[in-house]
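Asks: So the protein lines, in turn, are chains A and B.
All residue numbers for the first sequence refer to our numbering, where the first residue is 1 and numbers rise by one.
All residue numbers for the second sequence refer to our numbering, where the first residue is 1 and numbers rise by one.
For the record, the hints were derived by calculation from the structure and aren't laboratory data.
Heads up, a few of these hints could be off.
Quick partial rundown of chain A residues pointing at chain B, CB under 10 Å, derived from the structure [unchecked claim]:
hint	residue
1	Glu9
2	Phe12
3	Gly14
4	Gly17
5	Thr26
6	Val30
7	Phe133
8	Glu163
Here the structure is a predicted model, which means the values were calculated and not measured.
Ideal Cβ positions, reconstructed from N, Cα and C, are used throughout, including at glycine.
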Amino acid sequence: MKRGWSVREWVFVGLFGALWGAAEMTLGSVLHLAFPPLTDTFLVGLIMACIGCLIAMCGRLFVDRRGSILLIGVITSILKAFSPGGVKIGPIIGIMAESLLMELGLMLMPRGSYLSFALAGLMAVSWNFFHRFVMMGLFYGAGFFEVAAKMVRDGSRLLRIPEKFFFLLLGLLLFIRITAGVATGLIARGLGGQIQRRLRREDS
Amino acid sequence: MRTADKSSWVRILLAATALAGLAFCRGPVLLGLLAVLVALHLLLQPSALLLFTRLRFWLFALAPLLIGTAVFGPRDLSLGFFKVSTQGLLAGLWMCVRTVCLLLIFQLAMGGLSVARLIGLFHSRGLRGLGFALGVAYNMLATLSEISCIVLNTLRLRGALRRHPLLSLRLFVVAVVSAALRHGEDIVHAATARGFDAR
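Just chain A, same shape as in the assembly:
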């Protein structure tokens, strides 16, 4: 069994944390400005969650240790907290929750398999659905049904489905996130492999 983390592993944890942090600080801020707050959690949150998961899961292929994604998430959160945009609690909670769920997903399935990456992506990106419940509860003390009703209102406007199909809308919003999560996990596994092959080719 390997004991203690090597310098290379710590450097790579920092590097992937920096990549995710840079994406959050630049693209995240631009998207938050570009889209109105009503579509925020759905569009911006989903896009940022997918990008974050892609980077963190690629990182797992280079630091094959339990807890590496969680540490990448910690680094990203700290960078985000010290970003010029100021401290924003929402993205920080989102990043930590997503990295925890990715870690959990990768723990449940065989190491390095496409299935484990798909599950990790599914769990992490699905958090985006529940994030709103947590944040609205924390910020405004809103209950489950108030948040669900607001989510359905926003979803109905976005997907152009009448509000009376309450459960269909909620299911659809969750399904979109699940699909995006699975796709992100599979793409991350593929991209990571491609990067590893490219580096090997350059070395030889």
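Start from chain A and add chain B according to the hints.
Replies: Frame of chain A, contents of chain B only:
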């Protein structure tokens, strides 16, 4: 240094307790929490309360109150020329207090901290690896921006962005991550040469 470390941990602990309190507090109890937070700021970091003098802060903080008053519930209370809703006013007020509490909690946790101090804090607590990784990440940001610009310009000049947008996005990620990993290898060699051991 030791005293500084202790104060940072105390701040983080206080902020975590206040955050837990905020999650469970409802109604007028929130005002008590707000008072405790202001008192803590006066005690630990009075300069942070300058936040209350900024117009932008008040615009942000009072927005829920104004929206709540205008949107929710029947308009049963008259304030001069305006008719407002008591229910909306109260709902907006608690939202407003929550927002201010949350801002103060984060100021309390992050106040007086910088990335350099945080790295020092990790080192002193036996988390040398995490401190090192954070240092690498913080110093890599400028390099990553440079690498991204170079890769993006290369793809643009070759016309890849216009002809194959999806493929060029994939190539962009692969090229940036590969170049960053190469740079990471250089950092590993430099740290090893200096006898750094994170174990």
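Asks: Could you run down the list of hints and mark each one as holding or not?
Replies: Checked hints:
| no. | hint | result |
| --- | --- | --- |
| 1 | Glu9 | holds (8 Å) |
| 2 | Phe12 | holds (6 Å) |
| 3 | Gly14 | holds (3 Å) |
| 4 | Gly17 | holds (4 Å) |
| 5 | Thr26 | holds (8 Å) |
| 6 | Val30 | violated (14 Å) |
| 7 | Phe133 | violated (12 Å) |
| 8 | Glu163 | violated (17 Å) |
Hints 6, 7, 8 from the earlier list are contradicted by this structure; the remaining hints agree with it.
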